[in-house]
Amino acid sequence: MAVTNPKPDPLAARLAGLAMPDGGAWVQDARKGALDRLTVQGLPGRRDEYWQFTRPDSLNAPDPDAAGVFDAGGEAPVYGEIDRLKVVFVDGIFSAEESDPLALAGIEIERLAQAAASDIHWAQGFYGVLEERGQTPVARPFAALNTAFAGDGVVIRVTGKAAKPVNLIYRHENETSDALLHHVVKLEPGADLTLLENGPAAARFNKVMEVEVGDGAAFHHVRTQGRDHERQAVTHVFARLGAKAVFKSFTLTVNGLLTRNECVVELTGDDAVAHIAGAAMGDASACAFHHDDTVFVTHDAERCESRQVFKKVLRNGAVGTFQGKILVKQGAQKTDGYQKSQALLLDEDATFLAKPELEIYADDVICSHGSTSGAIDEEAMFYLRSRGVPEVLATDLLVLAFLADTIAEIEAPDIADDITSRLDAWLQRRRG
Amino acid sequence: MLKINNLHVKLEEEEKQILKGVDLEVPAGAVHAIMGPNGSGKSTLSYVLSGRDGYEVTEGGATLDGEDLLEMEPEERAAAGVFLAFQYPVEIPGVGNMTFLRTALNAQRKARGQEELSAADFLKLIREKAKALKIDADMLKRPVNVGFSGGEKKRNEILQMAMLEPKMCILDETDSGLDVDAMKLVSEGVNALRDEGRAFLVITHYQRLLDHIKPDVVHIMADGRIVKSGGPELALEVEHNGYADILAEQV
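If you're matching them up, the sequences are chains A and B in order. With our numbering, letter number 163 in the first sequence gets 163, and the count goes up by one each step, no holes. With our numbering, letter number 161 in the second sequence gets 161, and the count goes up by one each step, no holes.
For the record, the hints were derived by calculation from the structure and aren't laboratory data. Among these hints, one or two may not hold up.
[Unchecked claim] To be clear about the criterion: a stretch of chain B counts as covered by chain A if any three or more of its residues have a C-beta under 8 Å from a C-beta of chain A, and this derived list gives those stretches:
hint, region
1, 51-57
2, 65-78
3, 102-116
Cβ coordinates follow ideal geometry from the N, Cα and C atoms, glycine included.
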């Protein structure tokens, strides 16, 4: 009888090159717990319904594919005009040299590695906790992997109104870097923080951010991803909101071979508000573009409001996907939930795949979703051209108009203007 | 200025001939009106002249100052001086009225080799023009035509015309949906633009607009042709007797 080779274990291969970082007992417990979760879940496969639109192969592979370092030339940095506390990571490693001193009125901020080394730390009871909660009802193996193996990131405790935004800046220098970052943000009741993120982070990037928003606290998150073409990224935001808490998250994505952004939000206090928005622009003429927004909002309290506003502009073979769910638990009366996912397909090669879901167990709620994909409005196009606006410029005007209601989710006007000018510049470069 | 010669047009998608040999010449400084019953081809003529998709010219042509209009893209026609005031101005959510107008004006200037207008100069100009048309700052800030009343949309068309200063203005049923006061305001806007270097082609169903915008020549269009031309009195004749008599004469 022939001896068959044992079936190769993809998870073992994936983990072979990873080592659990050192740390105090509390963080090691959290990491081991995450590894146990991951072991039970295994890596996502092509048959997983949650991965039906996005192939996880390159994220599962033991080693990342090399990704060229993007040269932004002399362009002004994102958020450059905004007074902010800069925290820089290079290929997933904190750079004290390039960062501002980690001190800001209204917050306590430190490096994860430093917090993890302490025997007693406030982050105990938060690190990996929201991630674990977010694993049901849907498994998120890359988030568990992150909790188990991430050694760097920031932990931020917000005690009042942060004196200025905190900007996490990611820099990519090594063409084969495989970065894991894990951030924990805890907003005490009534606290207020704006968190900005930008920059190509690594060849392959896995990031988790856990955000606990206390009663009456407000968290504003604005992120730009790009413009590195060959990036492969999987990111998770896990948030839990107390009563009257506000959570607003906006992401602008341009370029990227593969980007999967998951956002898992739980409304656990009455009258909380969560808005999640995303604008993605993909042109796969030079390099493939695949962008996946996967969102799960759970209403578990009364009179909460949630909004999902996701828009994608796709051309030349670019692919956009959206999986969005609103779960309204029993007793979450007077829930107001809305979900919008739209794609503007600029040619016949672009693809948009969407799976909007509502699951409702309360009887007095307003919940709806709208998912559309379509081409440029011919009437609007002719109107603009008849006034002398050339077709290419008219297209860009209509693209900006299409994305406008995602940007409207950014509350700070100066940040919203900065984002609009990025979009504008991206379109202008394309026009040449 | 505008010369239309034996223009035959059919719908691109179907075998339906709409214009069946239109001949028309509008000289600089003149105001010509086209009247005619529904389905006579008036709006098609305006769309074909401004370059809308969906039509096929099967015979004849149209020139602006000797240049072949039909060969040009819509934006090239605009830069050459053609302006169509739409019967149904299009709403464009997300594009601010100011941004729209400034982009259009500067694109035209660029196409003509002129310098672009600075933000400050543009603002000064638009405020002045908007005031005359009773268009307030709020309307300028709002997205193009979104939430505008019928009258506001038409005033916005005339504002665009005033800003872009075209040579050849085509007004497609600009009076439709206007009350008496709005019609007066719009007409005043148009009349303020009348000068020796500019020509107008005013398309309308009714004579009443022509009380305000006095035409030099009135054409009656029916079944894809100009069937009768005359002075302003022709419009009054239509008003009193309808089109039936005129059309009967043709048979």
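Results for each hint:
1. A stretch counts as covered by a chain when three or more of its residues have a beta carbon under 8 Å from one of that chain; for the region 51-57 of chain B and chain A the count is 3, and the coverage holds.
2. Remark: the region 65-78 of chain B is confirmed as covered by chain A, as 5 of its residues place a Cβ nearer than 8 Å to a Cβ of that chain, reaching the required three.
3. Given as covered by chain A, the region 102-116 of chain B passes the check, having 6 residues with a CB less than 8 Å from a CB of that chain where 3 are the minimum.
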